[in-house]
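*Asks:* Now for the letters of each chain:
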Amino acid sequence: MTEPRRITSVEGTALPMRGHDIDTDRIMPARFLRAVTFEGLEQHLFEDERRGSVAGDRSQAALHPFDDARFAGASILLVNRNFGCGSSREHAPQGLRRFGFCALIGESFSEIFFGNALIIGLPCLTATPETVAALMEQVDAHPDVALRINLETGVCEVGDVSHAVTLPPNARDSLVTGAWDTTSLLLERYEEVDAAAARLPYVGGWSI
Amino acid sequence: MGVPHMGKTLLQKVWDLHTVRALQTGQTQLFIGLHLIHEVTTPQAFDGLRVRDWRVARPDRTFGTVDHIIPTRDRTRPFLDVLAEDMIGSLERNCQEFGIRLAGLDDSRQGIVHVIGPELGMTQPGMTIACGDSHTSTHGAFGAVAFGIGTSQVRDVLASQCLAMEPLKVRRIEVNGTLPPGVYAKDVVLTIIHRLGVSGGVGYAYEYAGDAIERMSMDERMTICNMSIEGGARVGYVNPDQTTFEYLKGRPFAPTAEAFDRACAWWSSIASDADAEYDDAVVIRAEELVPVVTWGVNPGQSVAVDGLIPSVQDVDGGGEAINEALDFMGLQGGQPIAGLRVDVAFIGSCTNSRLSDLREAARVVRGHHVAPHVKALVVPGSASIKRSAEQEGLDEVFRTAGFEWREAGCSMCLGMNSDKLEGSQVCAASSNRNFKGRQGSPTGRTLLMSPAMVAAAAVAGEVADVRRLA
Chain U
1 MTEPRRITSV EGTALPMRGH DIDTDRIMPA RFLRAVTFEG LEQHLFEDER
51 RGSVAGDRSQ AALHPFDDAR FAGASILLVN RNFGCGSSRE HAPQGLRRFG
101 FCALIGESFS EIFFGNALII GLPCLTATPE TVAALMEQVD AHPDVALRIN
151 LETGVCEVGD VSHAVTLPPN ARDSLVTGAW DTTSLLLERY EEVDAAAARL
201 PYVGGWSI
Chain F
1001 MGVPHMGKTL LQKVWDLHTV RALQTGQTQL FIGLHLIHEV TTPQAFDGLR
1051 VRDWRVARPD RTFGTVDHII PTRDRTRPFL DVLAEDMIGS LERNCQEFGI
1101 RLAGLDDSRQ GIVHVIGPEL GMTQPGMTIA CGDSHTSTHG AFGAVAFGIG
1151 TSQVRDVLAS QCLAMEPLKV RRIEVNGTLP PGVYAKDVVL TIIHRLGVSG
1201 GVGYAYEYAG DAIERMSMDE RMTICNMSIE GGARVGYVNP DQTTFEYLKG
1251 RPFAPTAEAF DRACAWWSSI ASDADAEYDD AVVIRAEELV PVVTWGVNPG
1301 QSVAVDGLIP SVQDVDGGGE AINEALDFMG LQGGQPIAGL RVDVAFIGSC
1351 TNSRLSDLRE AARVVRGHHV APHVKALVVP GSASIKRSAE QEGLDEVFRT
1401 AGFEWREAGC SMCLGMNSDK LEGSQVCAAS SNRNFKGRQG SPTGRTLLMS
1451 PAMVAAAAVA GEVADVRRLA
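Taken in order, these protein sequences are the chains called U and F.
Numbering-wise, this note's numbering puts 45 at position 45 of the first sequence, and it's gapless, one number per residue.
Numbering-wise, this note's numbering puts 1432 at position 432 of the second sequence, and it's gapless, one number per residue.
Be aware that a few hints might be false.
If the Cβ cut is set under 7 Å, some of the chain U residues that face chain F in the computed set are [unchecked claim]: (1) D23; (2) R50; (3) E90; (4) T183.
Because the hints were derived from the structure by calculation, they are not lab data.
Beta carbons: idealized from backbone N, C-alpha and C, even for Gly.
Please model the entire structure based on the sequences and the hints provided.
*Replies:* Next comes the structure, spelled out in structure tokens:
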């Protein structure tokens, strides 16, 4: 179990994963959920569309970004709209985190995916479609270029250029203060939880 | 002169009633009234508790079943599938260790988690409900606020019976008028997703209203709320009414006698006020709706059963996505969807595996036979639905027509057990997702439609308009 830690910045090279509405079944096919731990999930990201897979050999003439050696070691994943839609499987962000990604930048994210990533300390920052396209083009042209994301100021620097990248204020605060691992927080002042439960008639067997 | 009355939505009322406090992160700490668990998204959550030496805060508000990975044919233990055996064994041990009730494999109450919660009367109006599955939105059909969550959040709920949540906006989706024959709740929700988009609901709860929704049975409302998440809305709900109360009356976990009357009064009070304000509103005319079928790789990519599959020329932008989907599906833009050959017909899933779904599908297949090249299966949503269907003789109708009749589970909706598509098979499915690889074959192709349309496709051996068969 990772100890809570402050996450204020992420720096590293990036991997562009183009396409809207990339669902969690694509990110982590269901057969890899057949295990009682998250270990090893990083080996199966996008498995069904990558080199050597049936579907990958059939439909992907171009090299899959996750097979592209130029992007090896990337710590920032660039995505388009509604990334992570579909199933609530945390196995998708767990696989990405274990693969080595420390942040995602995209046009938008599915709500459940965003929450699953946040709670394991993986920020999903949003940027305009133009910014995402510019970042993807730049990374394609110069795969070794480093991106520097400052979560507190909401800036992603690439060379001399600064791009605006945003997080909802609550998510940003929880990351930069180290409060993103919420369980301990929810267990504080537990008498207030009992008080809230006691107000609900269905919890008390409809006696109130 | 008092303070002007500000109407509230059901979402706001339930949210306020369940708020414990505002967290330092700005999120709301929300009490969860019912936590449903299953074998696939919980093992790591229980490990998380053990590592920190935590207990389950409210085992009395937690209930488990097995659905995702279990076989739907031979259920002899131990399973031949050792990974499935491992996951089921893990849930059984965890429930025993932490004192959680479990409707396990041999329990008469076993079934898909979103089918049995309502069926047992555990799902009730005004509750907050969480489950490690995105289709938890189903429970909103009862006027509950129900969230699909990931495994770390399952750990949060187990440990604290709470979630740290961001507030949601509310979009009211009114469906007015009478649905034409052959048009079902599934067609309504697929049309909503098509119109509003697969990410249109991000940040919103969808409130389904209007007289077409009000006339719907609880089964139909569940089908609609179930697929809210396919439109990007994590939460979908229908305001509770007499239909809701009548459904709940007499169910095992529902209150009885005077308590039931008190409950009905409270349940009525949490419905949205007539003057509630919404962040957005959409109106749909039921008369305009037709049976629809998905042709692509997300649930928004659908077309009328008598329509043509779109081509790049039909749209401004988004052409790449259409081409990618057509390529994966092996289809041509401009081709009619009707007449498309299917290899498999699957009736099941948390969307459409309830008794009324099976009755409607049986009505279509009665007196017909499944086309020779089609493999067809019916997987009831719960052991209880299976028993009821058998009492009515529906199993015989399906078997005689050439369908396989299985035990309850998630089955071929997500292909986590041995019920999978093979190669590039085309499947007419009553389930909820047509994502690439969803049904267990990386190149498998899914066409989503109503259970009656799946039955029609099974008989015809190709996509067929149920209105012509009925």
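*Asks:* Does each hint fit the structure? Answer for all of them.
*Replies:* Results for each hint:
1. Of the supplied interface hints, the one on D23(U) holds, with its beta-carbon coming within about 5 Å of a beta-carbon of chain F, less than 7 Å.
2. Because the closest C-beta pair between R50(U) and chain F is about 10 Å apart, greater than 7 Å, the hint is violated.
3. Taking 7 Å as the C-beta contact cut-off toward chain F, the hint placing E90(U) at the interface holds, the least distance being around 3 Å.
4. The beta carbon of T183(U) is positioned within 7 Å of a beta carbon in chain F (closest approach about 5 Å), and the interface hint is therefore held.
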